[in-house]
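Peer 1: One letter stands for each residue in the lines below.
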Amino acid sequence: MPCIVALIVFGIMGIFSASHRALAEEAFGCVFKRITFRPCNTGFAEKIKGKILSKLLVRSAFLAKMVNRHYEILSWIFFILMVGSTIWVGRGVYNFYVYGSCNGLNESGFCAFDPSGENNKVTSVGDDSSCGITQQSEQNVTLENINLSGFPAINTGSKDTVVFVGCYACDYSRRAYPDIKKLVENKKSNYIFAHYPAKGDTMFLGEAGYCVQKEYPEKFWEFNDYLFTADKDYVLNKSNLDEILSKFGFDVKKISDCANSAETKTAVQDQTTELKKTNLYGTPTIFINGKAFVGPKPYRVYRSAINKFIFF
Amino acid sequence: MLNVEKIRADFDVLNPESPAKAPVYLDSACMSLKPRQVVEAMNDYYANYPACAGRSSHKLGDKVTKKVKKARELVTEFINAKSDDEIIFTRNTTEGINLLANSLGLQKGDIVLISDKEHNSNLVPWLRLRDKIGIVVRICPTNEDGTFNLDNFSQLVSGAKLVSVVHTSNLDGVTNPAKEIIKIAHQAGALVALDAAQSIPHKKVDVRDLDVDFLAFSGHKMLGPTGTGVFYGKLELLEKLSPFLVGGDTVESTSYDSYKMLPAPEKFEAGLQDYAGIIGLGEAVKYLSQFDFKYIAEHEFKLNAYITNELQKIPKIKIIGPEDPKLRSGIVNFYIDGTDMHKFAVMLDEMAGIEIRSGRHCVHSWFENKKIYNSARVSLYLYNMMEDAETFITNLKKILEIL
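Residue numbers (this note's numbering), protein chains in the order written: chain Z, 120 to 431; chain A, 470 to 872.
Simulated from the structure, these hints should not be mistaken for laboratory data. Virtual Cβ for every residue (Gly too), placed ideally from N, Cα, C. Certain hints may be false.
Here are a few chain Z residues that sit away from chain A, every Cβ distance over 10 Å (derived from the structure) [what the hints assert, rightly or not]: (1) His139; (2) Arg153; (3) Arg294; (4) Pro297; (5) Leu355; (6) Glu382; (7) Phe430; (8) Phe431.
In silico DSS-like cross-links for lysine-lysine, where the CA-CA straight-line distance does not exceed 25 Å [what the hints assert, rightly or not]: (9) Z:Lys170 x A:Lys866; (10) Z:Lys168 x A:Lys787; (11) A:Lys840 x Z:Lys152; (12) A:Lys840 x Z:Lys168; (13) A:Lys475 x A:Lys490; (14) Z:Lys170 x A:Lys490.
With the Cβ distance kept under 8 Å, some of the chain A side facing chain Z (calculated, not the full set) [what the hints assert, rightly or not]: (15) Asp806; (16) Asp809; (17) His811; (18) Lys812; (19) Met816; (20) Glu819; (21) Lys867; (22) Leu869; (23) Ile871; (24) Leu872.
Based on the provided sequences and hints, a complete structural model is requested.
Peer 2: What follows is the structure, given as structure tokens:
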């Protein structure tokens, strides 16, 4: 048992240290003999035991005596802990690859591969919304019983559905947006976009978008791409809206009238109310085939969610 | 009397630069330390005259030839051989014994008598010949305490073609009564070879006084370089041996279909030799020759007696070989029933830089026969101090307290 523990421990340490690499090699020899049903007579186990006991003995004879007496049990405990932690690490790596966080989907606890929690950062929704707040409590974010019929959509015949709930003013939505666009282009999946005004005054953009979709549906996605990729301060400045609209050749007056109409305001408000029913707590929230990904995940996470077997 | 402090000053490994601590080196039966003189002699060869011996007639070649000749003379004198031609340089004792085994011309049914505690180097060559050509390997059991049983030997030697026994055992330090063995063997018509790897470094061995026919020893156990050894044979016997390794430097001349061998020792020293090693070995012989072996033995006995006395106070420790340290040269080999002794060696090294050997010491056959797993061996030499022995005992007791 100590040989297996030593092989893994020295194997890892051997990545950085030549002397530990030699010990790992010895441990491998011992383990190899054991797994081929031969006795490990290399003396390695005793060597390691001797090294451990001598280190302890110079500090405390009592401790050394205890370790010697319970060496086998301690070895088993270490082995079980090691197997447990190896599984835990494996799970973390899997989670990070598939969900962008070591701790699981939308879990924001510490992850060594994403120490600053970038993959889970969102703009929280609500009255005190602000950017960069990570998840505070796991909620049941779902599309169940949500009516998405009024939102812009493409590739509607696809078996896969991607729903992007984002805010034009949210940095994290802006970060995730190009990846979702790329995903939809590559996978030809059904794509529904929903603007949720999580931060600042972006309602006017939502209303403008609503009207562009209504009046110029063929130009909506180009317009939407622009709002997410152009300079944020410029886009969010109300006085620039007319200029933006005219850039796309839209009838500015027509869009303005539409956006200011009571019908549009009610429709956009209704859409926001509908989105709230998803229990979303921040933007961006991306639903891929019903599963919610909160925060800007790496592209592979979105791709894995659509792939049949994670990698392909 | 030995001036140990003065001797230790010659060994760089025992005088490391601060803050490194000198090792407590108690593994000389495996490998002795090397005095500066030996190292410098070898370095001198490589730095100043790294040429061939016995071939090239230029100045450098000449110098090597002379140095190698001198080394041979020193060895001749050291073991009191009759002639320099009786000294064959080898890589070690094992090679010497293999040379004998493969050159003696043993035939199927020939009996080779060995003892029951031979080093693998004096066991495997004979077992291999048994398997290859059908010689008979006869084992002479020693007494319970490891001392040689001359009665057993006298009975078993009858009909033997060769007796090949260890002179001083690396297992327990017991020195076999070589003179009596040889006398009895000769009376029975057998030739005698001695494995002198452990005796040559510690006691005066006089091949003419012993009347031994063949004798092999290693340089690395007698303060010399690794990869050096000597095979001695009486000249008249060497002339009859047919070398098993031939080629460059073993022949006087060749044609496309014939060759004429050189006489001994050249015919046994095939190919380019380890000149630096041979020169270093000569230097080691010179270094050792300055001491009276009586004092080396006395010194080793004093340390051995102290260690033995302390170990005998610990009931669970069993010493291999006779109780009397006088009979065990500089070796104290001990074990504890049911305990793997490797961890003792590791712990002593880790705790206080005490370097001893653990395992079966290349005498697996004896351990298998006695059903003992392994042992820990302390082996002493002229550079060890009483403090070394005390440090060993102090730390061993600490370990025993927790195990």
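Peer 1: Each hint: holds or not?
Peer 2: Hint check:
no. : hint                : result
1   : His139              : holds (16 Å)
2   : Arg153              : holds (16 Å)
3   : Arg294              : holds (54 Å)
4   : Pro297              : holds (58 Å)
5   : Leu355              : holds (67 Å)
6   : Glu382              : holds (85 Å)
7   : Phe430              : holds (47 Å)
8   : Phe431              : holds (51 Å)
9   : Z:Lys170 x A:Lys866 : holds (17 Å)
10  : Z:Lys168 x A:Lys787 : holds (22 Å)
11  : A:Lys840 x Z:Lys152 : holds (22 Å)
12  : A:Lys840 x Z:Lys168 : holds (24 Å)
13  : A:Lys475 x A:Lys490 : holds (18 Å)
14  : Z:Lys170 x A:Lys490 : holds (19 Å)
15  : Asp806              : violated (16 Å)
16  : Asp809              : holds (5 Å)
17  : His811              : holds (4 Å)
18  : Lys812              : holds (4 Å)
19  : Met816              : holds (4 Å)
20  : Glu819              : holds (4 Å)
21  : Lys867              : holds (6 Å)
22  : Leu869              : violated (11 Å)
23  : Ile871              : holds (4 Å)
24  : Leu872              : holds (6 Å)
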